[in-house]
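Going down the list, the sequences are from chains B and P. Start counting the first sequence at 1; every next residue gets the next number (the numbering used here). Start counting the second sequence at 1; every next residue gets the next number (the numbering used here).
Hints listed in this document are in silico derivations from the structure and should not be mistaken for laboratory results. Careful, some of the hints might be misleading.
[Claimed, not checked] Partial list, computed: chain B residues near chain P (C-beta under 10 Å):
hint	residue
1	HIS125
2	PRO140
3	SER509
[Unchecked claim] 35 Å max Cα-Cα, derived DSBU-like pairs, lysine-lysine:
hint	chain 1	residue 1	chain 2	residue 2
4	B	LYS120	P	LYS10
5	P	LYS17	B	LYS328
6	P	LYS249	P	LYS17
7	B	LYS6	B	LYS37
8	P	LYS249	B	LYS142
9	B	LYS120	P	LYS180
10	B	LYS434	P	LYS39
11	P	LYS103	P	LYS17
12	B	LYS325	P	LYS10
13	P	LYS17	B	LYS325
14	P	LYS180	B	LYS142
15	B	LYS142	P	LYS10
[As the list claims (entries may be wrong)] Derived coverage of chain P by chain B (criterion: at least 3 residues anywhere in the stretch with Cβ under 8 Å from a Cβ of chain B; other residues may be distant):
hint	segment
16	123-136
17	209-220
18	241-250
All residues carry an ideal CB built from backbone N, CA and C; glycine is no exception.
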Amino acid sequence: MTGDGKWITTRQGESVDLAAIPCVEPNSFAERIIDGKSHGGRLAQLFGRRAPDGGVTLYAFLAYDSDGIVQVCSSRLAAPAPGRAPEYPSVSALWPAAQALEREIAEQLGVHPVGHPWLKPLRYHGTDNGAPAPWGQFNPAKTIPGDYPFYRVDGEEVHEVAVGPVHAGVIEPGHFRFQCHGEEVLHLEIVLGYQHRGVEALLLHRNATRSAMVAETIAGDTSIGHAFAYCAALEALAGARVSVHAHAIRGIALELERLANHIGDLGALCGDVAFLPGASYLGRLRGEFLNLTLEICGNRFGRNLLRPGGVLFDVDSELADRLHKRLKSLQAEVLQVLDMVFMQPSVLARFEGAGALSEAQAEEIGLVGPAARACGCMRDVRHDHPHGVYQFSHIPVAIETTGDVYARAVVRWLEVQRSLAFLLELLGNKPAGKPFAPLGAFKPNAMAFGMCETWRGEAMHVAFTDNTGALDFIKVKDPSIHNWFGLALALRGVPISDFPLCNKSFNLSYAGHDL
Amino acid sequence: MIEIITTRLKQGHRTTKFPLESPTLPGRYRGRPNVDPSKCADGCQQCVDACPTGAIRVANGLTLDLGKCLFCTACGEACPQGAITQTQDYRLAVSRRDDLLLKGGEFRLAGRMRDELYRILGRALRLREVSAGGCNACESDVNVLNTVGWDLSRFGIQIVASPRHADGLLITGPVTENMKFALEKTYEAVPAPKLVIAVGACAISGGPYIDQNETHNGAQSVVPVDLYVPGCPPHPLTILDGLLRLIGKIKTGERALTP
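For reference, chain P alone in the conformation it holds in the complex (with noise of 0.2 Å):
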């Protein structure tokens, strides 16, 4: 008995002061890419060649797609006029599908969840996590935010047991083919009013899985996605933000936007 006090004494109190203060991330983290198309003149197609799930377009204009990417970093080094860097923005987490498109300009994050759901959901956001082909990265990661580093219950967000008990889904993976009929059903036997919510490139476009047959490209095919958390796997900071911004207690724009 003394030496779990004594335990308890050395370990002190863990929990991160975040969303009040930023914790700071070591100088290699690669956070959200930073894309400008003035500087792709010429269009020559090097980074749309190195991407390894085809999230770079450059007819048109230069576009990455942030929920295919990798953060692996091949674009911005086979770019030879520097168009695509990299940021050390962690806050990736968007409302709507086209938001990921980083085309230059302002990176719209997501925003409070509707005011109908608001209502209901907003003090007390119980989910059910669906891993459709997810490689455990994600899952590990959705995992920590309930470790005392995180605290995720202090938010009023839980993982419950079953669908039954939640108000939504949190989905990893790419939703394979013998996965897809487990997720329908257990998105049917969440009650409505319901949200979801798709972490991972896998969950949002198929990640490294993505236009296999095996696998389907994500949740968006399977169910409706309230929220896209990128990354492979995306680094819980990342995940709790886009949370707390569902729940409306870190708003948009709340924080000046880094270039």
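The shape of chain B in the complex, shown without the other chains (with noise of 0.2 Å):
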């Protein structure tokens, strides 16, 4: 980390005033970043916010994980003269982790990081306040995502494959564009914006319950983890104090959400090298997972558990016996399972040096979750910035070298064993308390964070108060964002029949992505 004033220290829970968080000339931010990269910093969050004078705040936030820590800075970017961007020194030049982080300043903001290796839009929108992005004028008449020129390869034998957004199986739309010779994919390009809802306007809606029940559609699968860091944003802005009991819920809502999804991916993992037996048994065992939530809350997905100030549903003594019963038997037919399909030489054949990824480019990317796990980097919210029940109950982090399919699959299946340990553990001893107290007021002019280990790796919600104290900003990170250009990195040089394979190693969202 780097001291003397050139950034704020904060950690999950706390609260900031926004006259605290010291403020860079344009031209420096990005050596600055650099500079924080350089003490072990990670990029976890880099974002624009209109400021009421018309200009623009960046914000940069760097995770030390080892230390527990954030730091913040900022820089302020003055209102432009007209028919000029606002622009700064970009990150990307220097740190692509930013890439994508970087086009979304540019197309909500129409600020220019100049210098960015490949500005283009992320989502298909345009800007706040009309203005062009970098790229132009956006036309809503016109503009559908995909409507650009992709990046080619020339040559005789290289030829395009197109796919999406519409496709074949049961999933979210994106488009997909790679180039190949032959099998071999020279490169995968990703297109995404087809789902863009407008998640972070309707955020602030007046009515609360709408707000928070988009927060849990921001990736319908990820409800719970979404749900987790938006409520830990706000309680940490009110400056509440959430029951433990409340926490113990939230903890055991948000493991049988990773075991069902990675219950579910490893099913699906199997079905994508056609072991039958692996995708039948682990894909209705996915499903058991999501019943026990069903029976906690009344839904499958976990909808309307979690709320700032803690749950709408109790887990008292009798139900918890009742989840902890049905868990130890899953746990001995979901372990025996996954020991079978791990056993299987045409399973491993076809998982082993897939779509692999270095822990030099997942640094560089800024890769998180089990994909970054899958490739030697020591990461997990869980562990380094610990909220809630995780400040009590340790999970070891699961860690793989490989960097490839087998490795991300090796990743779930020791989550899967930890988590099952977990939640028998929490399920045995579960504090007694009050589920839920209403927050109070918002501190004013202030910022907090929320960060959860999510299934997929860290979603994060910063969110902002007025000098009334009313909500006024709130800035949602799906870890697809970072994830989604190690998808395309891992393509390099690997048959295009694997690309099915690869992607649902990675399994990332699309409405996260998009918002």
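Hey, can you piece these two chains together into the complex? The hints should help.
Put into structure tokens, the structure is as follows:
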């Protein structure tokens, strides 16, 4: 970490006075971020926020995972003269981890990160004030995602494959453009934005139930994860004390969500290598974990469970016993099926070596979650920036080193085992307390963040209040925004027939990326 | 090899007996709300203010639009008269948009598809799924129907890869501006006669994204819809119940309606 007033140091659960955030000249903003990187910082967030005078404030969040802290600094871009875009020297030119985050800044606010290696739209919408983006004026009548010049490889034997937005499976829309030489993928370009729904503005909706439900649908398979981060940010702004009991219930729900998704992913990976016993059994077992969430809150995805201030459904000792019993028998079943899967030479032969990323690549592009841990990056919010129940009980971080489909599968396998053990322990000694207490007033002119290790990786919500203490801005980050670029990179030199397998091994969110 | 066989023996047969037997849902499951306008004498508006999606009207008699409902129960908790209560009824699918307006009295469940369609599609229905801004919850619970637990294909229903091979679309999501064109093209690619099924609050009305500039308030704004399956997301049982009603495997009124 860096000291001497260049950054302000904060952590999960704390709020920061906006006036206390150090502000650096736009020309030195990128330099300061790179300085933080050299001290071990990881780019957790980079975004812009419109100031009342028409200017833009940029914020950078560097996470120091081994110290459990986050450092924040900002930069002010003055309102530009008409016809001129505000600009600053790009971070991505020096650190590719910022590439999507800076495209978001350019698209939302019309700011030009000068020197960005490949500035292009991220989600296909106009800027907040209607000014042109650096690549030109948005035309709502004409622009659809994917209608722009793709990167192309030329040559007689090179061919192009276009897939999506409507896919063959029941999945969300996105467009994949491959440049291939025979079977080999030379380059993959991923175009998203089809799912853009305007999430960030709706999180400020006056109906609190609506904004919480929007948080739960940022990525529907990560309802608990996003609600966790959203609640943590708002609770930090209110200085609220959430009961240990409520925190425990949140932890139960978050690990059930992780189990359902990891088990579903492992089943789908079996399906992609035509190992149908694994696909069938794990596909069904995934549903058993969703049904446990249904048992807790009446919805398989955990809708309406987490709210700022606690949880809306209690887990009393009778329900805890019931969940414990069912988990115990599921544990035996799941682990037996997974042992069987990882014993199959036909499965391992397809997993091993497919779509590999190195640890250096993972660091450079800022991977998070199981995809990063599969490359050997020690990175898990539950361990590094613990919040709620994770402050009291620890889950060992699952690490692999080969960075391929195999490693991403094994990390999930390990996490399934550890989440099961964690849940059985948690359900065995559950503290009592009030599950919910309404939030008090928010601190005015303050900022706080909530981070959560969702099953895909680090989700982060940053919330700001105005001088009356009303929420006036929430910035959402789904882990997918870091990891989509990892998928593109992993496909280099891989046979195109391995794309479904590689894609599933990342299993990223389209809706979470597109917001 | 031996471990595959032993696992197979341990796993056994796991497909639900539905529709011959109804599975039991846990006590906290939130099914169709029950609306009793007679208890809403003064029209105090508290449910209207509590509802996140504007699904409730009290003028001219209490009405709850199940197509907008996210099953959050905020209305029932706000109502001092107990005019809106929660039932465990998972059967929610209807054939006409208006049938989703709950005003008390009978709730008309979906019927079989039109006779001329039934002759062609009734015994083998092929669907293409289009997610048009769906958050991946509805998509996941549609996918679940293909697992061994539900085994959708035993009813002659299958999700196919191409709209050219499909008899209809199953649409999820509020229809984002950025997916509208792709949805229209996919609908055109399905050979006539064709069906459209809207799954989830988003696809019926926009759901949590209702009246946003970036979205189009559901599938109906782009294509005609033949089956509406409410929920956020609907339970797989609700989706399957709707599909089976559409192909006449479950008939309307076959089982008594719960109040």
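Outcome of the hint check:
no., hint, in the structure
1, HIS125, "holds (7 Å)"
2, PRO140, "holds (8 Å)"
3, SER509, "holds (7 Å)"
4, B:LYS120 - P:LYS10, "violated (53 Å)"
5, P:LYS17 - B:LYS328, "holds (25 Å)"
6, P:LYS249 - P:LYS17, "holds (14 Å)"
7, B:LYS6 - B:LYS37, "holds (13 Å)"
8, P:LYS249 - B:LYS142, "violated (45 Å)"
9, B:LYS120 - P:LYS180, "holds (22 Å)"
10, B:LYS434 - P:LYS39, "holds (32 Å)"
11, P:LYS103 - P:LYS17, "holds (33 Å)"
12, B:LYS325 - P:LYS10, "holds (19 Å)"
13, P:LYS17 - B:LYS325, "holds (24 Å)"
14, P:LYS180 - B:LYS142, "holds (12 Å)"
15, B:LYS142 - P:LYS10, "violated (57 Å)"
16, 123-136, "holds (count 9)"
17, 209-220, "holds (count 5)"
18, 241-250, "violated (count 0)"
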